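So the protein lines, in turn, are chains A and B.
Quick note on numbering: the first sequence equals residues 1 to 112 in our numbering.
Quick note on numbering: the second sequence equals residues 1001 to 1113 in our numbering.
Derived by calculation from the structure, the hints in this document are not laboratory data.
Fair warning: this is a prediction, and the values are worked out from it, not measured in the lab.
Hints may be right or wrong, so weigh each one.
Using 20 Å as the maximum straight-line C-alpha spacing, the simulated PhoX-like pairs for lysine-lysine come out as follows [claimed, not checked]:
{"no.": "1", "chain 1": "A", "residue 1": "K5", "chain 2": "A", "residue 2": "K37"}
{"no.": "2", "chain 1": "A", "residue 1": "K99", "chain 2": "B", "residue 2": "K1057"}
{"no.": "3", "chain 1": "A", "residue 1": "K56", "chain 2": "A", "residue 2": "K37"}
{"no.": "4", "chain 1": "A", "residue 1": "K99", "chain 2": "B", "residue 2": "K1097"}
{"no.": "5", "chain 1": "A", "residue 1": "K68", "chain 2": "A", "residue 2": "K54"}
{"no.": "6", "chain 1": "A", "residue 1": "K5", "chain 2": "A", "residue 2": "K99"}
{"no.": "7", "chain 1": "A", "residue 1": "K56", "chain 2": "A", "residue 2": "K71"}
{"no.": "8", "chain 1": "A", "residue 1": "K54", "chain 2": "B", "residue 2": "K1097"}
{"no.": "9", "chain 1": "A", "residue 1": "K37", "chain 2": "A", "residue 2": "K99"}
Here chain B is said to cover these stretches of chain A; the calculated rule only asks that three of the stretch's residues, wherever they fall, bring their Cβ under 8 Å from a Cβ of chain B [stated by the list, open to error]:
{"no.": "10", "stretch": "58 to 71"}
{"no.": "11", "stretch": "75 to 86"}
Here are the computed distance ranges between Cβ atoms for each label pair [unchecked claim]:
{"no.": "12", "chain 1": "B", "residue 1": "N1028", "chain 2": "A", "residue 2": "S51", "range": "23 to 31 Å"}
{"no.": "13", "chain 1": "A", "residue 1": "S51", "chain 2": "B", "residue 2": "A1022", "range": "47 to 55 Å"}
{"no.": "14", "chain 1": "A", "residue 1": "P79", "chain 2": "B", "residue 2": "S1080", "range": "47 to 55 Å"}
{"no.": "15", "chain 1": "B", "residue 1": "E1014", "chain 2": "A", "residue 2": "S51", "range": "26 to 34 Å"}
{"no.": "16", "chain 1": "A", "residue 1": "R17", "chain 2": "B", "residue 2": "G1016", "range": "45 to 53 Å"}
{"no.": "17", "chain 1": "B", "residue 1": "E1014", "chain 2": "A", "residue 2": "S69", "range": "33 to 41 Å"}
{"no.": "18", "chain 1": "A", "residue 1": "D1", "chain 2": "B", "residue 2": "T1015", "range": "41 to 49 Å"}
{"no.": "19", "chain 1": "A", "residue 1": "P82", "chain 2": "B", "residue 2": "E1079", "range": "41 to 49 Å"}
{"no.": "20", "chain 1": "B", "residue 1": "T1005", "chain 2": "A", "residue 2": "D59", "range": "35 to 43 Å"}
{"no.": "21", "chain 1": "A", "residue 1": "Q3", "chain 2": "B", "residue 2": "W1098", "range": "17 to 25 Å"}
{"no.": "22", "chain 1": "B", "residue 1": "G1016", "chain 2": "A", "residue 2": "S69", "range": "31 to 39 Å"}
{"no.": "23", "chain 1": "A", "residue 1": "S51", "chain 2": "B", "residue 2": "N1056", "range": "35 to 43 Å"}
{"no.": "24", "chain 1": "A", "residue 1": "N111", "chain 2": "B", "residue 2": "T1020", "range": "26 to 34 Å"}
Heads up, the beta-carbon is just placed ideally off N, CA and C, and yes, glycines get one too.
Here is how the chains run, residue by residue.
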Amino acid sequence: DQQVKQNSPSLSVQEGRISILNCDYTNSMFDYFLWYKKYPAEGPTFLISISSIKDKNEDGRFTVFLNKSAKHLSLHIVPSQPGDSAVYFCAGGEGSNYKLTFGKGTLLTVNP
Amino acid sequence: DAEITQSPRHKITETGRQVTLACHQTWNHNNMFWYRQDLGHGLRLIHYSYGVQDTNKGEVSDGYSVSRSNTEDLPLTLESAASSQTSVYFCASSESKWGSGQYFGPGTRLTVT
């Protein structure tokens, strides 16, 4: 049972345009969500998070939107830059058990 | 600066051998996690620990074990390596705080021949 789903394995956008990465979840006990970015041959790095009581969180070029009723979240990157090319993982966390459940990831390619 | 390190970064071993992957963090975090990353599967949790002497199984724990004798280290042991355990392994740590993200190590690429 896949609790966190990233249905798009890859996404390609032009530099300067908006990148939108999507994530769906099934576990209604998740009360916070995180996005991680991963370059080849490196470990994932934390990008941005959102609590389930909010519907939006913004940090510079990165904004995460949460639609609890649809069990859907998205990461918007504006404007996209070639350095944003990486695999992006969505993850859900539940209460204070500190574990995260990750999606399979989406490979973003930003073309100059 | 605090960090989390993994060793070795690359390892080739033979089927049936015992292998131990090291993970060391200087964040002084209580929580530590081991994941494997495989194409088409993302990051899957193998084992985790909430503190010294505490260990718990994750979703793909068969064939793996961990022990936690101090705060800084959580070694992952493959008791008898199998080709299905060829993967990239990531260690992570986090604070015991609601909503806390995890800090990941650089990974170990393990090949079982």
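Hints and how they fare:
no.: 1; hint: K5(A) / K37(A); result: holds (16 Å)
no.: 2; hint: K99(A) / K1057(B); result: holds (12 Å)
no.: 3; hint: K56(A) / K37(A); result: holds (19 Å)
no.: 4; hint: K99(A) / K1097(B); result: holds (11 Å)
no.: 5; hint: K68(A) / K54(A); result: holds (9 Å)
no.: 6; hint: K5(A) / K99(A); result: holds (17 Å)
no.: 7; hint: K56(A) / K71(A); result: holds (14 Å)
no.: 8; hint: K54(A) / K1097(B); result: holds (18 Å)
no.: 9; hint: K37(A) / K99(A); result: holds (18 Å)
no.: 10; hint: 58 to 71; result: violated (count 0)
no.: 11; hint: 75 to 86; result: violated (count 0)
no.: 12; hint: N1028(B) / S51(A): 23 to 31 Å; result: holds (25 Å)
no.: 13; hint: S51(A) / A1022(B): 47 to 55 Å; result: violated (34 Å)
no.: 14; hint: P79(A) / S1080(B): 47 to 55 Å; result: holds (51 Å)
no.: 15; hint: E1014(B) / S51(A): 26 to 34 Å; result: violated (47 Å)
no.: 16; hint: R17(A) / G1016(B): 45 to 53 Å; result: holds (51 Å)
no.: 17; hint: E1014(B) / S69(A): 33 to 41 Å; result: violated (52 Å)
no.: 18; hint: D1(A) / T1015(B): 41 to 49 Å; result: violated (31 Å)
no.: 19; hint: P82(A) / E1079(B): 41 to 49 Å; result: holds (44 Å)
no.: 20; hint: T1005(B) / D59(A): 35 to 43 Å; result: violated (27 Å)
no.: 21; hint: Q3(A) / W1098(B): 17 to 25 Å; result: holds (19 Å)
no.: 22; hint: G1016(B) / S69(A): 31 to 39 Å; result: violated (51 Å)
no.: 23; hint: S51(A) / N1056(B): 35 to 43 Å; result: violated (25 Å)
no.: 24; hint: N111(A) / T1020(B): 26 to 34 Å; result: violated (42 Å)
Violated hints for the displayed structure, listed by number in ascending order: 10, 11, 13, 15, 17, 18, 20, 22, 23, 24.
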